[in-house]
Amino acid sequence: MAQNGKVSEFYRNELIELQNADLYKEERYIHSPQSAKIAVEYPRGATIKEVLNFCANNYLGLSDHPALIEAVKSGLEKYGYGMSSVRFICGTQDLHILLERRMAEFLGTEDTILYSSCFDANAGLFEALLGEEDAIISDELNHASIIDGIRLCKAERHRYKHLDMNDLEHHLQQTGQRRFRMIATDGVFSMDGHLANLPAICDLAARYDALVMVDDSHATGFIGKTGRGTGEYFGVLGKIDILTTTFGKALGGSSGGCISGRKFLVDLLRQRSRPYLFSNTLSPLVVAGTLKAIELLEQSTHLRDKLEENTRYFRANIKRLGFEVEEGVHPIVPIMLHEASVVQSMARELYEEGIYVVGFFYPVVPRGKARIRVQISAAHEKEHLDKALSAFSTVGKRLGVLSAA
Amino acid sequence: MAYSEKAKVFYDNELKSIRGAGLFKEERYIESPQSSTIVVEYPPGAEPKEVINLCANNYLGLSSHPAVLDAARCGLETRGYGMSSVRFICGTQDTHRELEQKLTVFLGTEDTVLFPSCMEANAGLFEVLLDKEDAMIADRLVHASIVDGMRLCKAQLFNYKHSNMAHLEEKLQETQSCRLRLIITDGVFSMDGDLAKLDQICDLADKYDAMVMVDDSHATGFVGKTGRGTHEYCGVMGRIDAITTTLGKALGGAAGGCVSGRKEIVELCRQRARPYLFSNTVPPVVVAASIRVIDLISSSTDRRDTLEKNTLYFREKMTQAGFDIKEGFHPIVPIMLYNAKLAQDFSRDLFAEGIYVVGFFFPVVAQGQARIRTQISANHTKAQLDKAIAAFTKIGAKYSILGKKKEEIVAMYGL
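Same order as they appear, the protein sequences are chains A and B. Under our numbering, the residue at position 120 of the first sequence is numbered 120, and the numbers go up by one with no gaps. Under our numbering, the residue at position 357 of the second sequence is numbered 357, and the numbers go up by one with no gaps.
In case anyone wonders, no lab produced these hints; they're calculated from the structure. These numbers come from a predicted model, not from an experiment. Don't be surprised by glycine CBs; every beta carbon is placed ideally from N, CA and C. One should not assume that every hint holds.
With beta-carbon atoms standing in for the labels, derived distance ranges [unchecked claim]:
(1) B:Glu174 <-> A:Lys49: 51 to 61 angstroms
(2) A:Arg101 <-> B:Lys6: 26 to 36 angstroms
(3) A:Ser300 <-> B:Asp295: 40 to 50 angstroms
(4) B:Lys25 <-> A:Gly238: 51 to 61 angstroms
(5) B:Asp12 <-> A:His170: 49 to 59 angstroms
(6) B:Arg348 <-> A:Asn13: 32 to 42 angstroms
(7) A:His162 <-> B:Leu15: 29 to 39 angstroms
(8) A:Gly238 <-> B:Val147: 33 to 43 angstroms
(9) A:Asp203 <-> B:Lys8: 55 to 65 angstroms
Once the Cα atoms are required to be at most 25 angstroms apart in a straight line, the calculated BS3-like pairs of lysine-lysine come out as [as the list claims (entries may be wrong)]:
(10) B:Lys197 <-> B:Lys207
(11) B:Lys102 <-> A:Lys25
(12) B:Lys6 <-> A:Lys263
If we take Cβ atoms under 7 angstroms as the criterion, some of the chain A residues that face chain B in the derived model are [what the hints assert, rightly or not]:
(13) Leu18
(14) Ser279
(15) Arg348
Generate the whole structure from the sequences, applying the supplied hints.
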């Protein structure tokens with residue numbers, strides 16, 4: 001062990017700096033399952049309080065759905081708890097193969113490979129497929145896990161301006177000499193709820209002979225008429241070479257992710273992708289839960305329809321109250337307040353009113369773009385939405401942030 | 001189509017060359033819970049067959065233990081299935097904190113932070129602690145996830161020869177001018193089952209003012225008298241700055257990992273580690289089961305004692321049978337065959353005898369070091385171990401390698 005004092009002091013100072021810069025993240029302890037209503041202990045030691053949750057990725061309300069809980073219990077019975085092994089030694093059950101096939105069917109792709117998280121999927125994707133002769137052209141606002149995957153890959157790195165198709169085309173023109181090019185984008189960008197312009201991206205990819213990679217973590221299960229994701233929404237299913245997505249958000253929210261797409265790419269990932277080779281895959285119980293989630297979504301679009309309806313209702317009414325809202329169709333509804341201090345007050349006072357939301361400010365979003373990011377769920381009932389709207393109205397008036405409606 | 005025929009041809013060729021080199025990894029489908037015996041469909045489409053499993057990291061036999069299943073079910077009832085959120089938004093339950101505290105007590109550290117896997121703990125740790133003014137001094141054989149974590153960190157990288165303390169000291173002398181230095185090692189190395197010399201590493205760290213990081217994934221729960229890990233075995237509890245370990249092996253084997261160690265290091269991981277900030281943590285049901293696991297192994301050493309006894313028995317009998325095995329006492333028992341094809345043929349024949357093991361060869365181990373890596377579990381009964389030993393002996397006789405030394409095996413089969 002090193003210089004007891006010195007190292008501790010060094011890292012303690014780093015922590016103090018984070019606190020001074022208002023960047024220190026505090027966790028709130030939830031004493032209930034994830035749901036529309038949760039029991040929260042905050043600050044630590046405070047009496048547990050029931051609040052409405054408007055900041056989860058529990059888009060379809062499946063995180064504590066009775067059908068999933070039942071499926072997980074039967075999964076435990078039949079397939080046990082853990083595999084204690086990686087896939088290619090003795091960590092593959094027939095159940096894993098079934099989920100891979102079902103995901104490929106659901107997403108309309110050729111094949112699927114499971115990962116312990118979508119973070120790992122993105123971290124292990126690029127390096128396995130691309131080398132230094134190749135180029136990755138990535139939207140500048142892509143998720144951290146895509147960025148880490150690209151950092152681990154030797155291909156030349158290009159970033160295009162967020163959603164800017166001219167800039168993307170410029171980079172495609174610049175990289176004409178490369179062996180392979182891959183365009184990488186989030187399907188939905190998590191801070192704004194914006195969708196990538198996939199029709200334009202796929203056209204450019206076709207014109208310039210590039211592969212298209214989309215992370216659909218904030219879309220799978222509910223975007224598009226039957227919830228297949230941004231590819232369905234834009235009518236470009238089948239034109240996306242590689243889709244990564246998560247089971248940790250709409251599809252039950254437990255853990256796990258996958259890469260789905262061209263068979264020859266998936267086959268190679270199985271042989272080479274480091275997080276796949278060197279880490280356990282999904283535990284049997286998460287496989288069982290995810291299979292049930294997919295089954296529910298294939299049986300009925302009821303949940304995604306309700307989410308769409310809830311989103312439309314909340315968006316229309318929050319605007320009517322005089323809030324500035326980032327336009328869009330996604331259940332991520334950013335309420336723009338611009339100043340970090342206003343956002344912090346707003347989140348705190350909403351919590352007192354029984355509404356749990358989180359504020360985002362620099363460096364997570366650009367300076368002057370501070371916001372409350374509301375996330376709507378199919379688990380929300382109309383009364384929940386109305387209660388939230390009324391709390392937003394009360395606090396908004398108090399803080400003087402409402403425009404004359 | 002948004003991709004060229006060129007890409008398909010290229011990637012198909014890559015796959016062909018992997019197959020051509022004999023490196024293609026095939027998966028066997030298991031149709032039962034993980035346990036000392038499992039039902040396997042192999043090759044795909046074949047009649048499912050019950051075999052004794054000697055290749056899982058299910059060291060304590062907890063992967064499908066009734067108490068663990070029961071705890072998972074209770075966890076589902078009380079805390080639900082998924083959190084659908086990262087920790088600092090709305091993805092932390094009281095039970096996550098409880099598990100972190102239990103791991104802290106069990107490992108004898110100051111604090112613990114959970115990660116979705118130990119892979120992600122290792123991937124995220126170094127970048128949080130070190131920058132370009134600093135140095136990472138790593139054993140040459142550390143796990144792939146540590147390698148990836150180091151690749152994501154800007155600190156200067158130095159490697160020392162495997163478990164070579166003189167070489168480590170040399171590297172410590174070379175890096176005196178760096179701001180912070182971190183010695184990085186696996187607690188147990190997974191291919192040989194050998195332990196890092198943590199007592200000497202800690203002494204060197206003291207002498208040269210460096211920090212120590214240990215990945216104890218193949219040790220937590222069973223190495224050391226009360227199963228705390230390599231640091232307990234080596235008598236250096238409290239002297240490791242950062243331990244990473246997994247819930248995905250001995251501790252139930254589902255998923256999850258952690259960084260445990262100095263309070264400040266753990267807290268900085270919470271603030272800065274990218275896989276922690278940008279990915280869901282361990283799901284509630286795994287947390288519930290893991291809490292039960294820690295309670296089980298804290299209250300009794302029965303399971304690790306049985307594992308120790310099984311390991312001793314298996315090592316002794318296999319040595320008596322005439323196998324060349326890597327010395328040690330870890331439940332990873334490498335049966336040395338040296339030749340890659342022999343390792344593959346041997347494991348295939350054993351599968352036919354009802355014993356499931358896997359052969360490892362280059363590039364996973366060094367060229368000419370091909371082996372079958374057996375892994376013993378507390379769940380193995382004496383009858384199962386005896387059956388495995390008998391099958392090994394039968395196949396060993398078939399290939400005439402019993403009682404043969406390395407040179408003789410190599411003379412027969414080549415490297």
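We went through each hint and held it up to the structure:
1. Distance hint check: the CB atoms of Glu174 (chain B) and Lys49 (chain A) are about 56 angstroms apart, consistent with the given range 51 to 61 angstroms.
2. Judged by the Cβ atoms, the range 26 to 36 angstroms given for Arg101 (chain A) and Lys6 (chain B) holds: they are separated by roughly 28 angstroms.
3. Range check, Ser300 (chain A) to Asp295 (chain B): Cβ separation about 41 angstroms, and the 40 to 50 angstroms hint holds.
4. Our hint of 51 to 61 angstroms for Lys25 (chain B) and Gly238 (chain A) is violated, since their Cβ atoms are close to 29 angstroms apart.
5. The given range of 49 to 59 angstroms is broken by Asp12 (chain B) and His170 (chain A), whose C-beta atoms sit roughly 32 angstroms from each other.
6. Hint check: Arg348 (chain B) to Asn13 (chain A), Cβ distance near 58 angstroms, so the stated range 32 to 42 angstroms is violated.
7. Hint check: His162 (chain A) to Leu15 (chain B), Cβ distance near 35 angstroms, so the stated range 29 to 39 angstroms holds.
8. A C-beta distance of roughly 37 angstroms is found between Gly238 (chain A) and Val147 (chain B), which places it inside the suggested range of 33 to 43 angstroms.
9. Checked against the hint of 55 to 65 angstroms, the C-beta distance between Asp203 (chain A) and Lys8 (chain B) comes to roughly 20 angstroms, which is inconsistent with it.
10. The hinted pair formed by Lys197 (chain B) and Lys207 (chain B) meets the criterion: a straight-line CA distance of about 16 angstroms does not exceed 25 angstroms.
11. Distance restraint check for Lys102 (chain B) and Lys25 (chain A): the Cα-Cα separation of roughly 22 angstroms lies within the 25 angstroms cut-off, and the hinted pair is therefore satisfied.
12. Between Lys6 (chain B) and Lys263 (chain A) the CA atoms are separated by roughly 15 angstroms; this keeps the pair inside 25 angstroms, and the hint holds.
13. Below 7 angstroms, beta-carbon pairs count as interface contacts, and Leu18 (chain A) has one with chain B at about 6 angstroms; its hint therefore holds.
14. The beta carbon of Ser279 (chain A) is positioned within 7 angstroms of a beta carbon in chain B (closest approach about 4 angstroms), and the interface hint is therefore held.
15. Taking 7 angstroms as the C-beta cut-off, the interface hint given for Arg348 (chain A) is violated, the closest approach to chain B being about 15 angstroms.
Against the hints set out earlier in the document, violations occur for numbers 4, 5, 6, 9, 15.
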